[in-house]
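In the order they appear, the protein sequences are chains X and Z.
So for the first sequence, my numbering puts the first residue at 1; every next one is plus one.
So for the second sequence, my numbering puts the first residue at 1; every next one is plus one.
There may be inaccurate statements among the hints.
The list makes no distinction among identical chains, and a pair is therefore deemed to hold if it is satisfied within one copy or across any two copies.
As the list claims (entries may be wrong) - Okay, derived cross-link-like pairs now, DSBU-like style, lysine-lysine, Cα gap no bigger than 35 Å in a straight line:
#1 Lys169 <-> Lys9
#2 Lys248 <-> Lys59
#3 Lys96 <-> Lys160
#4 Lys160 <-> Lys259
Think of the hints as simulated: they come from the structure by calculation, not from any bench.
Here is how the chains run, residue by residue.
Protein chains: 2
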Amino acid sequence: MGLDSDPTKIPSCLNVKDDPVFEFNKRIIDATLPYAVAYKPNIAFYESSGSEGWKSLEKTMNYIKSLNSEVFTIADAKRGDIGNSAAHYAKAFFEKMDFDAITVSPYMGYDSIEPFLAYEDKWAIILALTSNVGSVDFQVTQFQLPYLLEKLGIKTCYGKSLYELVIEKSLTWSGSKNIMFVVGATQSGMIKNIREIAGDSFLLVPGVGAQGGSLREVSANGMTSDCGLLVNASRSIIFASGEKDFDKIAAREALKLQKEMEILLREREVI
Amino acid sequence: MGLDSDPTKIPSCLNVKDDPVFEFNKRIIDATLPYAVAYKPNIAFYESSGSEGWKSLEKTMNYIKSLNSEVFTIADAKRGDIGNSAAHYAKAFFEKMDFDAITVSPYMGYDSIEPFLAYEDKWAIILALTSNVGSVDFQVTQFQLPYLLEKLGIKTCYGKSLYELVIEKSLTWSGSKNIMFVVGATQSGMIKNIREIAGDSFLLVPGVGAQGGSLREVSANGMTSDCGLLVNASRSIIFASGEKDFDKIAAREALKLQKEMEILLREREVI
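Extracted from the complex, chain X is given alone in its bound form (with noise of 0.2 Å):
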């Protein structure tokens, strides 16, 4: 369940509250714990309203960890930088706010990665091929060979994708037991390749839901005997309804997703 919790966007009941968008997530959480494994708050939309949205992220998780559940937690961050940076952004939300994951960018490599595989029980969901238009700018792009093409007389031709080359290395990292991977839901028709070179890691799969991406189609590419998925919709279901019983209209929006979902989980018999 994405925490996407734009300020903006929220319920006009709630905007009498001292932190409305604590209290949209408190009661997006409450109605939807049943029917969800996971809550993943996209900390952009607490960053927008500065160190007040810092604080709403924090008493967000304090709620959860007092829930006493085994909901798993993820912040959406991206972060990608070095060595000492990369150790205080895992401080900040492994130690600081205790998130079970994070998501973070490849691109600066595996100096930017091993700082938040050194926790043992936690996890980086490193970016692999995501669900946005601009994924085609880099991540599928298969470089060119120009001088040698050029000197053999044809003028284009492809090899290995950077999204592939992410995760077949990343792999080899030490810690690696703790990696999984994003993978937008909007390009199921890759999750078969990508299941394939990333063994039995778990795939963070946004993009169903708004998105228009398929769950039948990404768990018959994706799905593990182990599941293998954490599959995230975040407007679909908190959005659903702006009016007061929006909890109640998440609940159901979830459910639904959740029921759907078990089914493909009994077909593949993994429950």
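With chain X fixed as given, assemble chain Z onto it according to the hints.
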């Protein structure tokens, strides 16, 4: 001037203050303002203290703005998310805190950078070739064409690097006049190549000082008639002394670097 104000490394004499990090920044800024063209807080070192750290950052930015100086401000945040999330990160750094620029990761492509370029007088500084060991993992990987090459009996062959593609492609995006690139000073051998691809774009060059990059070499390879370089030093200046007069020592180190830069600028007749 990198304000990598790690709370565990600031002089112990400041620990009696309400907000030691802000007090540290304020004294560093007061002492170095005559020698610095820009301040670049690395957000990781604030975020590791949660919402309190964000408050120190906000106070630092308010203080810089209150000086009515022309000094440039860079949020070294390395953010990289898409669409609406990216827009919220832009809001956090360009509106809530009025930074002039932010460092961003290109991994997710155009729609992860565009929301930053939508601000007329703000800058997106895109990670190109960074100064860390892990930069070889993906940034300088020159992709292979295994299947074609196997057919031709050629085992290994190389093409264009990812960092080159990032620079070339991003300069075709609308709003690209508001783009700069991060290029590590430890990669000075490659700066010549980057300058050829990047035209007159400004390069943000961290890694001078503590990380061992040579200013003369960077300037020889990367300086334009307009300077074209924002050279950063952090630890070698701000943590030059842990004593009570840390700000005076920082000023001395900053002046040293400023003088070195002034010589190089005169040699090239930029000033």
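Hint check results:
1. When the C-alpha separation of Lys169 and Lys9 is checked against a cutoff of 35 Å, the pair qualifies only between copies, where the shortest distance is 34 Å, while the shortest distance within a copy is 39 Å.
2. For the identical chains of this complex, Lys248 and Lys59 are intra-copy neighbours only, at 22 Å inside a copy versus 40 Å across copies, given an alpha-carbon limit of 35 Å.
3. For the homomeric pair Lys96 and Lys160, neither the shortest alpha-carbon distance inside one copy (39 Å) nor that between copies (41 Å) is at most 35 Å.
4. Taking the closest pair of Cα atoms, Lys160 and Lys259 never come within 35 Å of each other, the shortest separation being 37 Å inside a single copy and 47 Å across copies.
Violation of the numbered hints given earlier is confined to hints 3 and 4; the remaining hints are satisfied by the structure.
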